[in-house]
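Keeping their order, the protein sequence lines are chains S and W. Mapping of the first sequence onto this note's numbering: position 241 corresponds to residue 278, and the numbering continues sequentially without gaps. Mapping of the second sequence onto this note's numbering: position 178 corresponds to residue 601, and the numbering continues sequentially without gaps.
Treat the hints with care, as some may be off.
[Claimed, not checked] Heads up, simulated DSS-like pairs for lysine-lysine below, C-alpha to C-alpha not over 27 Å straight-line:
1. Lys500(W) to Lys365(S)
2. Lys500(W) to Lys487(W)
3. Lys500(W) to Lys343(S)
4. Lys46(S) to Lys546(W)
5. Lys47(S) to Lys343(S)
6. Lys500(W) to Lys429(S)
7. Lys487(W) to Lys455(W)
8. Lys500(W) to Lys46(S)
9. Lys47(S) to Lys546(W)
10. Lys487(W) to Lys461(W)
11. Lys614(W) to Lys47(S)
12. Lys289(S) to Lys115(S)
13. Lys455(W) to Lys614(W)
14. Lys461(W) to Lys493(W)
15. Lys304(S) to Lys343(S)
16. Lys470(W) to Lys493(W)
17. Lys301(S) to Lys103(S)
18. Lys289(S) to Lys304(S)
19. Lys455(W) to Lys500(W)
20. Lys304(S) to Lys275(S)
21. Lys115(S) to Lys172(S)
I should point out that these hints are in silico values taken from the structure, not numbers from a laboratory.
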Amino acid sequence: MRPFFDLLKKIIQTGVGKSRFFMAAVGLGIAMLLILIAIQAHTNFTQLLYSSKNQNETADFLVINKTITNAMMGQSAKSIFTPEEIATIKQQPFVQAFGLVTSSQYKVVIQAPGDLHFATDMFFEAVPDSFLDVKNEDWKWSAGDRTIPIILPNDFLNLYNFGFSLSQDLPQISQETVKALPLQVSISNNLVADPYMGHVVGFSDRISSFLVPASFMSWANAKYGTGTVTGTSRVIIKTPDPSNPALVKFLKDNGYTTNQDKLKFSKTRLIVQTIVSVVGFFGLILLFFALLVFSMFIQLVIASCKREIQLLVILGTAPGQLQRYLLKQFVPVYIIIGILSLLIVTGLQYWASATLATHQMQVSTWPGIPVLAGTLSVLALVYIVNLVTVCKYVNAI
Amino acid sequence: MQIQLNHLMPIPLQDKLRQRSSDIWNQDVTFKPGSWVKIKAPSGTGKTTLIHYLYHIRYDYTGKVQINGKPWQDYNKNELALMRQQEVSVVFQDLRLFEQLTARENISLKNVMQSRPYYPVEKINEMAARLQVSHILEQSGSTLSYGERQRIAIIRALAQPFQWLFMDEPFSHLDEENTQRAAALIAEECKARNAGFILTDLDNDQHFTYDVHYHL
Numbered sequence: 038m039r040p041f042f043d044l045l046k047k048i049i050q051t052g053v054g055k056s057r058f059f060m061a062a063v064g065l066g067i068a069m070l071l072i073l074i075a076i077q078a079h080t081n082f083t084q085l086l087y088s089s090k091n092q093n094e095t096a097d098f099l100v101i102n103k104t105i106t107n108a109m110m111g112q113s114a115k116s117i118f119t120p121e122e123i124a125t126i127k128q129q130p131f132v133q134a135f136g137l138v139t140s141s142q143y144k145v146v147i148q149a150p151g152d153l154h155f156a157t158d159m160f161f162e163a164v165p166d167s168f169l170d171v172k173n174e175d176w177k178w179s180a181g182d183r184t185i186p187i188i189l190p191n192d193f194l195n196l197y198n199f200g201f202s203l204s205q206d207l208p209q210i211s212q213e214t215v216k217a218l219p220l221q222v223s224i225s226n227n228l229v230a231d232p233y234m235g236h237v238v239g240f241s242d243r244i245s246s247f248l249v250p251a252s253f254m255s256w257a258n259a260k261y262g263t264g265t266v267t268g269t270s271r272v273i274i275k276t277p278d279p280s281n282p283a284l285v286k287f288l289k290d291n292g293y294t295t296n297q298d299k300l301k302f303s304k305t306r307l308i309v310q311t312i313v314s315v316v317g318f319f320g321l322i323l324l325f326f327a328l329l330v331f332s333m334f335i336q337l338v339i340a341s342c343k344r345e346i347q348l349l350v351i352l353g354t355a356p357g358q359l360q361r362y363l364l365k366q367f368v369p370v371y372i373i374i375g376i377l378s379l380l381i382v383t384g385l386q387y388w389a390s391a392t393l394a395t396h397q398m399q400v401s402t403w404p405g406i407p408v409l410a411g412t413l414s415v416l417a418l419v420y421i422v423n424l425v426t427v428c429k430y431v432n433a434i
Numbered sequence: 424m425q426i427q428l429n430h431l432m433p434i435p436l437q438d439k440l441r442q443r444s445s446d447i448w449n450q451d452v453t454f455k456p457g458s459w460v461k462i463k464a465p466s467g468t469g470k471t472t473l474i475h476y477l478y479h480i481r482y483d484y485t486g487k488v489q490i491n492g493k494p495w496q497d498y499n500k501n502e503l504a505l506m507r508q509q510e511v512s513v514v515f516q517d518l519r520l521f522e523q524l525t526a527r528e529n530i531s532l533k534n535v536m537q538s539r540p541y542y543p544v545e546k547i548n549e550m551a552a553r554l555q556v557s558h559i560l561e562q563s564g565s566t567l568s569y570g571e572r573q574r575i576a577i578i579r580a581l582a583q584p585f586q587w588l589f590m591d592e593p594f595s596h597l598d599e600e601n602t603q604r605a606a607a608l609i610a611e612e613c614k615a616r617n618a619g620f621i622l623t624d625l626d627n628d629q630h631f632t633y634d635v636h637y638h639l
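Please model the complete structure; the sequences and the hints are all you need to start from.
Okay, structure coming up:
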């Protein structure tokens, strides 16, 4: 075929509109680059979010409550979740585990021992043990025990140590000291008051409340409770990805609120996703126009050599030969563009992974399979469109 | 390869041709494989039209042109291309060379159209020498005289395998001496292939030992 194609080269002038072809080739290159970058950025982002290599464990616990608005003030019933609402929350796909936060239905007063002269009214709450970030052997209670294990929020101790104690000229207290303090806990209702010992077993970063074991809570509520069930105003969920925009939307739509800091990443993620989508979208648009220009270029070449091609066919050139020859003029350009784009993306990825590594974010050094697949599918698409165009116009002659 | 014409009639010439008798038009004619056929035709009786019908580049006729018992229309584009590469060759009256190619390139276009060259370069050179066109082989097709083009077209037609060669006034621009040389070369090449030819011309001639004569 070689000598025949050399002759065809002299007969079928593909030089016509070469600048247009060049522009289309540049367009294809940019389109390919944008698409590949979008794919790779998405891969990287997924890797950053979910890969085990990246330390920030994403599964998280969120305590959810209803937003207290001015209209609700004084009507505590309005902040309580109805059973239907609880069922709805449980059904959400992003809820991995669900627990109720049970509040105490009795009065609690805590006193520090000895000369500390510290006493305060308090409340207790309880959550299922699986939601706790404090693992401690002392965290258990069975009926008859006079000592109640308590978990305090870390923030509480910080507020005292760095806010209250400094301004009041009181001593700062270490976690160990607090754990060693035997607290006097008085639990009462309107009829009886019983003394217990409180023992702080740990500090929670996860749940901002004064926690006691669920077993104690149910026992004490039965014993001292007023009998009326107050209902649940706070629930705790475990979610694999607190930055999931669906979760954020669900909370917003229902007027629920949680620790906003944990959702902060969601906004970043939404922005990144939008940018990546926009880049990919522009890539696709550009690809579409590049394909259009290529098709028009092929049409132009064939139309401008119509007489020559007719004579070639009369002399016995098979349509297949013409198609092969024409495709051979264009396809190598596409392959070169594909390889160049792939190389550029590889370079970018190498640079990105090096840069991110300095921020303790691990992404792979080389572009992933999706990028390779993307390159191949774009090339396949371009090839198919070219083949169809060439066949269509050659057969029309 | 057998060629059969069944009541072949060009639609544009219909009325004119019905008024005169013809050995070909509207007749059943069979060209036997390997036979050398001369068709004598006055101007305007459809000489070139017939060659185009035989070579299947014009289709405005009634009746049939059957190749191996199958009408041309039943051959698809690829089969047709293969036939033109392997089984039928043609010298057009208007020659149809590529002006952007040199004379040699015009010849080798047919020579290399199949996967490998039919004749080596030496053979092409030899044929060119016999027709006294060696010196113009490297010239562009557009600079050649009509007589030179005619000889190049003849060599091009011979630079491929064929069982039938169609020629439309192939010697119209050649002097007597060159005509003799070209005819001798064509006869030789046809014999080498056991091929037949169909030649149309205005007058009687003695260039070949024809098997059959027809009046168009």
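So, going through the hints one by one against the coordinates:
At roughly 21 Å between alpha-carbon atoms, Lys500(W) and Lys365(S) fall within 27 Å of each other, so this suggested pair holds. Under the criterion of a C-alpha separation no larger than 27 Å, the hint pairing Lys500(W) with Lys487(W) is consistent with the structure, at around 18 Å. With a CA separation close to 17 Å, the supplied pair Lys500(W) and Lys343(S) stays within the 27 Å bound. The hinted pair formed by Lys46(S) and Lys546(W) meets the criterion: a straight-line CA distance of about 25 Å does not exceed 27 Å.
Simply put, Lys47(S) and Lys343(S) have alpha-carbon atoms about 14 Å apart, close enough for the 27 Å limit, and the pair holds. This hinted pair checks out: Lys500(W) and Lys429(S) have alpha carbons roughly 14 Å apart, not beyond 27 Å. Simply put, Lys487(W) and Lys455(W) have alpha-carbon atoms about 16 Å apart, close enough for the 27 Å limit, and the pair holds. For the hint linking Lys500(W) to Lys46(S), the alpha-carbon distance of about 22 Å falls within 27 Å, and the restraint holds.
Using a Cα cut-off of 27 Å, the hinted pair Lys47(S) and Lys546(W) holds, with the two alpha carbons roughly 24 Å apart. Restraint check for Lys487(W) and Lys461(W): the C-alpha separation of about 20 Å stays at or below 27 Å, so the hint holds. As the CA atoms of Lys614(W) and Lys47(S) are separated by approximately 34 Å, the hinted pair breaks the 27 Å bound. Of the pairs offered as hints, the one joining Lys289(S) and Lys115(S) holds, with about 17 Å between alpha carbons and a cut-off of 27 Å not exceeded.
Taking the CA atoms of Lys455(W) and Lys614(W), the gap is about 15 Å. The hint holds against a cut of 27 Å. Taking the CA atoms of Lys461(W) and Lys493(W), the gap is about 24 Å. The hint holds against a cut of 27 Å. Annotation: proposed proximity of Lys304(S) to Lys343(S) is violated, straight-line Cα distance about 58 Å (limit 27 Å). Our distance criterion of 27 Å between C-alpha atoms is met by Lys470(W) and Lys493(W), whose separation comes to about 23 Å.
For the proposed pair Lys301(S) and Lys103(S), the alpha carbon gap of about 19 Å is at most 27 Å, so the pair holds. Annotation: proposed proximity of Lys289(S) to Lys304(S) holds, straight-line Cα distance about 13 Å (limit 27 Å). This hinted pair checks out: Lys455(W) and Lys500(W) have alpha carbons roughly 25 Å apart, not beyond 27 Å. A hinted pair counts as satisfied when its Cα atoms are at most 27 Å apart, and Lys304(S) with Lys275(S) qualifies at roughly 20 Å.
Among the hinted pairs, Lys115(S) with Lys172(S) is inconsistent with the structure: their alpha-carbon atoms are about 34 Å apart, more than 27 Å.
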